[in-house]
Each structure stands twice: as structure tokens, then as C-alpha cells.
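In the order they appear, the protein sequences are chains A and B.
To get my numbering, take the position in the first sequence, counting from 1, and add 17.
To get my numbering, take the position in the second sequence, counting from 1, and add 337.
Keep in mind that the hints were calculated from the coordinates and are not lab data.
Fair warning: this is a prediction, and the values are worked out from it, not measured in the lab.
All residues carry an ideal CB built from backbone N, CA and C; glycine is no exception.
For the chain B half of the interface with chain A, some residues (derived, Cβ under 8 Å), not all of them:
{"#": "1", "residue": "Lys-352"}
{"#": "2", "residue": "Ala-353"}
{"#": "3", "residue": "Ala-417"}
{"#": "4", "residue": "Gly-441"}
If you want the footprint, here are the derived chain A segments under chain B, 3+ residues with CB under 8 Å:
{"#": "5", "region": "303 to 316"}
{"#": "6", "region": "340 to 346"}
Chain residues, written in single-letter form:
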Amino acid sequence: MTDVTRGGLETNATHRRAALGILVALLGLSVLLVVFLPFRAHVSIATPALVFVVPVILGVVVGGIIPGAVGAVAGFLCYDIFFIPPYGTLTVQAPQNWLALVVYVIVVIVVAQVVANLQSAREEAQRRTRDAERLFELSQALIGDRPLPQLLSLIAVTVQHAFTPRWTALVLPSEGSAGGVGTPELSVAASAGEELTADDLASLTTSGGETRSLGLTGVEAPRRVAVALVASNRPVGMLVLQHVQFARHDRALLATFANQAALAVERGQLREQALRTQLLEEVDRWRGALMGAVSHDLRTPLAAVKTAVSSLRQSDTALGPDDRAELLELIELQSDRLARLVTNLLDMTRIESGALELRPTIIAFDEIVGEALASLGGLVPTGRVDVEAPGDLPLLHIDHVLIGQVVANLLENAARLSSPECTIRVSARQADTTFVEIAVVDDGPGIRSEDRERVFEMFSQNSGGGRAGLGLAIAKAFVEAHGGTIWIDPRVTLGARVVFTVPCEAGMAVHG
Amino acid sequence: MTKVLVVDDDPSLVKALRIGLTARGDEVVTAQSGTDAVSQVALINPDLVILDLGLPDLDGLEVCRRIREFSTVPIVVLSAYGDERRKVEALDGGADDFITKPFGMAELEARLRMALRHGAARGGGATEVSPTVQVGALTLDRVHHMATLHGAALPLTLREFELLSYLARYVGKVCTHHMILKDVWGPGYGAESNYVRVYAHRLRKKLGDDEGRMLRTVPGIGYQLVADHPAE
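Build out the structure end to end from the sequences listed, making use of the hints.
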């Protein structure tokens, strides 16, 4: 550790190094004293003066100017007492010896001064390099396109690393109050270093528009430093450092840090805002699509009903009894269709609100198809549906209301999209020990390969707009609630084959 | 007996229309797709087409355009509520009138009757401009730019006469603001529907048609000159 100027830790280190320097200087002097003492009669009076410069300079190199001063005094005493006659006293007899002594003192002081200055200049340069490195590190860290929370904790960690306080906290106006009027509520968005105590947290957090001291001047929170993060003339947040030992230029460095961090935080916040706006737009678009799909689906049967009813009501037309019967049947079927659409809408609302609750029971496959057909009213004549299943098919372990709805939706789609003469086949087979695979096949126009995934999306519409937007999306939600999957069989090119899996009662087979 | 081609992809509506129109005495042919509709028009030459705008294969507007390439058969478009833009596009593309779902048979019949009569009045060719046009009690002499109502001359400005004779040429058809501006004012116009409103107002005053029975306003879409308006 060569830094002389950094806070308390550095002050301690400086003291330690000064002591070490004094030790080096005094030890060196003693060694030289012991070595040269026997020869003092034989060497010139100037030689020890030159030699005694060396330990003092060493002391300066190790510990700075204080060991230099101590060493100079000690060297002066040693030189005077042991090497300048009369020995053992501070008295100087010969005038040339005076000269030697004075030259020694001047040389020691000047050299020590120069060396000490060089030393501190070197340290200053090192410190600047380190600061530049730290700033570089920070800006490097802030450049990346990170999500806001990650960015905030990164700032706290970097500051903690650079200034080593007990802890660093990044305090931001809390969500929602950022743009509001009055005193924004503050909360700790990120921290680094030691865990913040409850008291620390309380001292950093405000609520309900109260004004609170952040403990910057309090007795209990000594050496707490806070820097406001300001970007575009707007306070973005605040960096709080607890128990930090600061030197002069550390404040400037922290301020530079804060500026960089403020810009990054502001950028992150703007980015988050942009994302949120984008999301809202997306939701709006979906809502529009939903309204379009729902109104189209509801209006289609209504149009048929109204046309049929108005025909029946017209007294001047020549409707035969067969025509009347046909129109009435049509009205009934379309009313059923409307009712089913409303059911689907309600189901959708249940799924959306997360109120979907499974009530699994044990039920046989043909029973569930029967339930589905019954729920369809006359929409799909029973004669059009062909049910196939192996005799050893296990019982299904499902919520029969939900899966009945799935089968009904698939049957309704199949009936609506295929020719009236076509038989709709509903088949089941055991897929594995825990799942049964159910397939509904029609000979309608089928589903194009690029639409196979899309048809299950909420309110998707086939190119023509004919397919109900809700039926398949609901089927998917219900099947997935059972842990199963639903897909369009890609191997079938004529008509459509919709397949889904539902759990079965393992080991329980239908007998007879 | 009128031969009506019903084009819609919803079998129930087609069925209801078939029964209703047959009972009225029409001969009904149906088509469930756009391509089918175009070939049926070519094949059986119907007197009238009822065309749904939302078809599974072709867009209704495209069907309209394709039929207009070879036939002047009156087309009444079925559209959904709130679909004003597509309605206007269909009318610009050659449809004669529109009706919004759901509709009653009485309303549909009225529209069909009007479209049929006017289709006949146009002589099956809106492109053929005869020198004089008769619309109910209104006579327009295109050569001398003279308009008479019940035999009395109407003092019309040139632009008023041109607007009236344009609507008379397409009698019974709903003319959109855009069509009127483009053809009466000139190719540089198209968005200035206020002009049309002002001139329509002046025309109504001069025709003594303050309630707009003869020069009918189709809200948000355009105007329609009606020959057999209830006042007569």
C-alpha cells in the first residue's frame, strides 16, 4: 500500500510507514555506526558523512519526509558524537569539522526533501492512474444495455468497490412517484457492501411526503456521504456511502462517478418507460383484435336469426310449412350457437382472470363425447359424429366440464367448416401410461401449415375470418390446465385433424 | 322472377336468405366463396348480387371489382356495423348499395327493389350517357344543360347541374363523396366532402326536397338520387 492520502485506512498506513521508515533509518545508522566505529581513526572525517546519508535516504524512500527528519537528526548526533573529535561529546573543535558537519546536515536535508517530493509525485501519478482506471471501469460497466435493476446494483457495487465504505446504497424516488408532484417517496433501489440494518433502511426511506434527514449530520451516522444523481437538471436519485474515509480528491471522483451513474440511470429509466409504452400499445392492439373477433362472432348468428325471423313475420310472403319449419330450426340452431359463444366468452374471462379451477373426476371417453354433443344442442347432429376407441382404453382423469367444452369446441369447428355430409370422427387411444390422446377429424378446408400454431392464439382468425376466434384458444387453455398438449396434425392434408392429450387413470381400464 | 345471387360464407344466413327470397318469388342462386361468385355471375347472369364483404378466399372488394370488369349487374353489399371504410371502398369499387348486418327482410327487399329498378333505368350501362335523363319527375337535358322538375325549369348553376346529372346517371347507386368530387369537381379533388355537402344542400332547396327524400344523404358515405321516393 503506497497511497498516502486515502482516508483513515490510509492515515493508519501512513503512520505505519513513517514508523517503518524511522526504523529503517535508525537501524541503518546503527549498523553503519557499528561497522565504521573501529575505523574512525583511519578514515577521513568526510567519509562517515557521505555514508550516513544512505540510511536517511532509505528511510525517506520507505516512510516519507518524517523518517527523513528523524534520520537527519539521528545521523547528525551519531556523526557529531562518534566521528567528530572530541569523541563522545557534541563539542566540535576543529573548524573544518564544523564544515563537515554542516555540509552533512545540508546534504541530508536537501536529498531527503528531493526524494520525498519525487516519492509523493509518483504516488500522485499512481493515484491518478487508479482513479482513471476506476472511472473507466465504471463507464465500461454503464455502457452495456442492461435492465434497470441490474444497472442499479452494478452502480452500487462499482462505487462500493472504488471507495470501500461500509456499505453503499442507491436511493431512488419509488415507482409511481417519480413524475408526481410534492416530495417523492424515497426507497433503496440497490445496495452493496455490508447488509443494511433496519435502522439504516429506515433512515434512507421516506414515505407519504414526509421530509426526513438522511442522517448526514447526525451523531449516530458519522462519516455518511451522500451525492445527488442529477441528469438533465432533474434529480434522478442519490448515492449514500456509509463510513467512508474520504480524502480531498475522492469527493471529486465520487462526483464524477455520480454524474456518469445519473446519466445511466436516466437512460435506463427512459428505456424502461419506452418498453412499458410499447407493452401498453400491444395490449391495446390485442384489445382491438378481441373486440373485432368477438363482435364478428356474435354478429354472424345474429344476422341469420334476424333475417329468418323477419321472413317469418312478413305476412305477404308465400312461406310454405316446410320453409317455416326450416327457418325455425335455423333460428334455434343459431341461438344455440350464440349461447355457446357467450359460454366461450365467459370461459375466456375465467381463464384471463386466473379463476380456472380444476375439479378432476373419473369419466369414460364416450361419456365425455356424449356430454359435448349434448351441450352443442342441435349444432352438430349426433348422426354426423363417429366415435372410435379401443375397448381397453383407460378412464379419463379430467375435469369433465372443461374437457367436455374442449371436445364441443372442436366438434363445432369441425361441423361448421366441413361439408354437411361429412362424418366427423372422434377417436381416442392410449398415448402412454398416464395420457390418452383424443383426435377430432373433419374433411373441411383444413388449416394451412403456417397457421397451425396461430390458430390456438387468442382471437386469431383464419385468413377468411370464418373460424371462431375463441374456440381453439379456450381448448388450448383447458387442455394445458390438465397438463396436456393440443396440436394440429401436420400429416393430414385433407381436412383438419386436431389432437390433444389428457391424463387418464393409469391401470384402470374399461371392461366389457 | 328475379334471379338473385347470394354470396356469403355463413351457411345459415345463406339459408335464411334463400328461403326468404324464394318465398318472395325470386330465384336464388348461392355462392360461398369469392371466386365462385365471380364465375356464377359470368355463368348465370343474375339480375342482382347480394355480396358479403368478408369472404374466406377473396376480399369482397376484389370480388366487386372483378364482377364490374364484365358486368353492370346491381350489387348490394352486406357489411358489418362500423365498417364504414370498407363500405366506401366497395361503393367506389362499383357496388350500388349496402346494407348493414343484421338486417330485416323488409329492409333488404326495399334496397333490392331500388337497386333493381335503377339498374334497369340505367339500361344496364352507366357508361352510356344519353342526352336526356329522366329520374321520376326530373328531366335533365345534358345537351342544353337544362333541368326541369314537373315540367318547370330549374335555375341551376353549372356545377349544380353537373352534380345533379352525375347522380342521375348513377340513379339508385350510392355515390361516395370521393367519387362525386373526383368526377364532378375534377381529378385534383377527393377529400373536400364539404363542397359536396354545400352543393347538395343548394340542390335540395331548388328541388323543393328539404327532407332529402329524392337526394338522399347516406350518412358518412355520400349521396344517392332516388327516383321512386315515397313522396311520389
